[in-house]
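K.L.:
Heads up: the sequence lines are chains A and B, in that order.
In terms of the working numbering, the first sequence opens at residue 1 and continues consecutively.
In terms of the working numbering, the second sequence opens at residue 1 and continues consecutively.
Hints should not be assumed to be uniformly reliable.
As the list claims (entries may be wrong) - Heads up, simulated DSS-like pairs for lysine-lysine below, C-alpha to C-alpha not over 27 Å straight-line:
| no. | chain 1 | residue 1 | chain 2 | residue 2 |
| --- | --- | --- | --- | --- |
| 1 | A | K325 | A | K227 |
| 2 | A | K273 | B | K266 |
| 3 | B | K260 | A | K232 |
| 4 | A | K95 | A | K59 |
| 5 | A | K198 | B | K162 |
| 6 | A | K138 | B | K152 |
| 7 | B | K260 | A | K197 |
| 8 | B | K51 | A | K119 |
| 9 | A | K10 | B | K232 |
| 10 | B | K49 | A | K197 |
| 11 | A | K250 | B | K107 |
| 12 | A | K173 | A | K68 |
| 13 | B | K51 | B | K225 |
| 14 | A | K223 | B | K239 |
| 15 | B | K239 | A | K39 |
| 16 | B | K266 | A | K331 |
| 17 | A | K325 | B | K260 |
| 18 | A | K78 | A | K198 |
| 19 | B | K107 | B | K239 |
| 20 | A | K138 | B | K232 |
| 21 | B | K266 | A | K197 |
| 22 | B | K266 | B | K71 |
| 23 | A | K273 | B | K260 |
| 24 | B | K162 | A | K78 |
| 25 | A | K173 | B | K239 |
| 26 | B | K225 | A | K7 |
| 27 | A | K7 | B | K233 |
| 28 | B | K233 | A | K39 |
| 29 | A | K197 | B | K204 |
| 30 | A | K273 | B | K239 |
| 31 | B | K162 | A | K202 |
What the hints assert, rightly or not - Rough simulated footprint, nothing fancy, chain B against chain A, three-plus residues with beta-carbon under 8 Å:
| no. | region |
| --- | --- |
| 32 | 42-55 |
| 33 | 115-124 |
| 34 | 144-156 |
| 35 | 310-324 |
What the hints assert, rightly or not - If you want the footprint, here are the derived chain A segments under chain B, 3+ residues with CB under 8 Å:
| no. | region |
| --- | --- |
| 36 | 94-108 |
| 37 | 191-200 |
| 38 | 271-284 |
To be clear, the hints were calculated from the coordinates, so they are not data collected in a lab.
A quick note: this is a predicted structure, and the numbers were derived from the prediction, not measured.
All residues carry an ideal CB built from backbone N, CA and C; glycine is no exception.
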Amino acid sequence: MIKQDIKQYKNVWVFIEHNDGKIERVSLELLSKGAELAKDLNCEVCAFTVGDKVEHFAKEVGEYGAKKFYIIENSVLKEYRTEPWRNAIVYLIDKYKPEVALIGATTLGRDLAGTVATKLSAGLTADTTALDIDPSNKNLLMTRPTFGGNLMATIFCPDNRPQMSTVRPGVFKAVKNQTTPEVIKDKYDITEDQVVKKIIEKVQTGEEKVNLSFYEVIVSGGKGMGKKENLKLLEDLANVLSGTWAVSRKVVQAGWAPQSRQVGQTGQTVHPKIYIAAGISGAVQHVAGMKSSDIIIAINTDPQAPIFEVATYGIVGDCLQILPKMAEMFKQKLVK
Amino acid sequence: MHSLVFIKQVPDAAQVRVDYETGTLIREGVPAIINPFDTHAIEAAVQIKDKFGGSVSVLCMGPPMADEALKKALAMGADNVFLLSDRVFAGSDTLATSYALWAGAQKVIQEIGPVDIFWAGKQAIDGDTAQTGPGIATRLDVPLVTYAVEVKEVDPSAKKIKIVRLLEGGTETIEVPMPCMITTEETLNHIRFAPLSYLIKAAKTPVVLLNSSNTTIDASQCGLKNSPTKVKKAFTPPKRERGEMIEGSLDEIISAVYEKIEPMLKQLGRV
Ligand SMILES: Cc1cc2nc3c(=O)[nH]c(=O)nc-3n(C[C@H](O)[C@H](O)[C@H](O)COP(=O)(O)OP(=O)(O)OC[C@H]3O[C@@H](n4cnc5c(N)ncnc54)[C@H](O)[C@@H]3O)c2cc1C
Chain A
1 MIKQDIKQYK NVWVFIEHND GKIERVSLEL LSKGAELAKD LNCEVCAFTV GDKVEHFAKE
61 VGEYGAKKFY IIENSVLKEY RTEPWRNAIV YLIDKYKPEV ALIGATTLGR DLAGTVATKL
121 SAGLTADTTA LDIDPSNKNL LMTRPTFGGN LMATIFCPDN RPQMSTVRPG VFKAVKNQTT
181 PEVIKDKYDI TEDQVVKKII EKVQTGEEKV NLSFYEVIVS GGKGMGKKEN LKLLEDLANV
241 LSGTWAVSRK VVQAGWAPQS RQVGQTGQTV HPKIYIAAGI SGAVQHVAGM KSSDIIIAIN
301 TDPQAPIFEV ATYGIVGDCL QILPKMAEMF KQKLVK
Chain B
1 MHSLVFIKQV PDAAQVRVDY ETGTLIREGV PAIINPFDTH AIEAAVQIKD KFGGSVSVLC
61 MGPPMADEAL KKALAMGADN VFLLSDRVFA GSDTLATSYA LWAGAQKVIQ EIGPVDIFWA
121 GKQAIDGDTA QTGPGIATRL DVPLVTYAVE VKEVDPSAKK IKIVRLLEGG TETIEVPMPC
181 MITTEETLNH IRFAPLSYLI KAAKTPVVLL NSSNTTIDAS QCGLKNSPTK VKKAFTPPKR
241 ERGEMIEGSL DEIISAVYEK IEPMLKQLGR V
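Bound conformation, chain A alone (with noise of 0.2 Å):
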């Protein structure tokens, strides 16, 4: 392994995801915790992209605090495709140097990261939940779940910079801090025919997708729910409590709701005020997402169900039963 000269790295980066002309929620998260670490650090948190046209994001990375906002723009890498986006980042970051660099654990970002991290040979920790400067040595501490959210590990990087992690949406919360960001424009040089990746086709599975953590109330549906026609149920106490709704993997698998709906190891991680688990059995990877809810309302005709250990108020029932029935109740009582 090579030994760097760590010095020489300096300032918090944090990836601006985008689709669409849009950034993703993930990035503006980020961009807080990372103003918190860069005051650790004592250096600044700035944020960074490539894209097609990505200058105009300057405006909201602003907004949630970065200092500086590296960009490299070319009509080549309007769409993410890895090697060319790699290959813009990879140049960035040799040319700039930061200490940490911080990409959201979405599809793009988990894609992305290891990539880019192997090309730098630079350690990466994926789907970090917690980031902490130790104060002895300025090294980042990321903790990360593993076995399913069983066991949790703090993982470390002292010789190799940057110190490279994915962060899970919804972990950190986006706070506004205004500034007026610094933007530095880069050349990177790409044309069409040096990409042997073409994308032929996008489809957007109907539904927008749904960022679960900006929800305070979630009610949640599994199999249980018995069919697809039944999630309404969920919709509809949703609605009552201004939340929304999620599933478990099982009924995305049965093809009832689509992936952005999932909560869990492989889906989103969640922490509501209130979380109602209508019909889950309770898996180890459902529960990895959704345990840190404040409270955790269980509804199970199985007694022995293991969601009744991690639940706030246990219900045995029927959901098809009681669902409809505190939305018809609460909605009384909210409605004043």
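Dock chain B with the ligand against the given chain A, drawing on the hints supplied.
P.N.:
Showing chain B with the ligand alone in chain A's frame:
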């Protein structure tokens, strides 16, 4: 068509429990399995072989007992299996692991021939990093297609492949030249029952052992010492206490729940 599938042997995560007294995982009696995502990578490679001819090689890095996983891969239709096992790999993080697997792949290519498609599961269920596939692809310098849900078209003469992959909120169809690397979702295919002929062949095919003495692996790039990331500590997350069961008639239950959560609803401004 020659496919090379990277697999990992993992403890069945669904059966791993936590011992809250000692703060450790209870792995005793937990069966070791092929990482579920990897089984779909093997299946995809075998289906391509069935359609276009060629062969399927499988490479696993792990302790000697991981040869069990390779025997299962043979039973699923793989032709050549390699176990990369050496103490110098112990404690490797994803960067070092992708190096070792890359070096192992060079040996497989040398023995069996050039590879058209490299495959791996999208992630392992024990580590969950989803970094090894992208790392190997980067070292191999081949295009990477992650989260594959459908192999749409294989054109062996033009050496091109079209794959549908998952995006957040949708899918995209990608065309890449071969060789390429594909990482698989579970929905890519259904694991078929192995025909008897595969099982007979599996019993006769040896697992080829690879290590630092019969490959050109540079030991200074593997193992704990040469991994950029280190584990500072491992711990079990605090257990959430089992709460209160609410009983009574339907109306009583719902009223009781409402009373319990009313303060929170007030705090949220819902009431
Ligand atoms: C690598 C991997 C990753 C995974 N990632 C995730 C993930 O991110 N998220 C996730 O959710 N899962 C995940 N899983 C799957 C997980 O292991 C479980 O299979 C899944 O969570 C089970 O979903 P479920 O509880 O809805 O269904 P089931 O396990 O089928 O449970 C249904 C429950 O509903 C109850 N029930 C039935 N009828 C009623 C009724 N009328 N009223 C009330 N209750 C009723 C039953 O008693 C039962 O407890 C993953 C698995 C693997 C291997």
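K.L.:
Check each numbered hint from earlier against the structure, then list the numbers of those it violates in ascending order.
P.N.:
6, 7, 8, 11, 13, 15, 19, 21, 22, 29, 32
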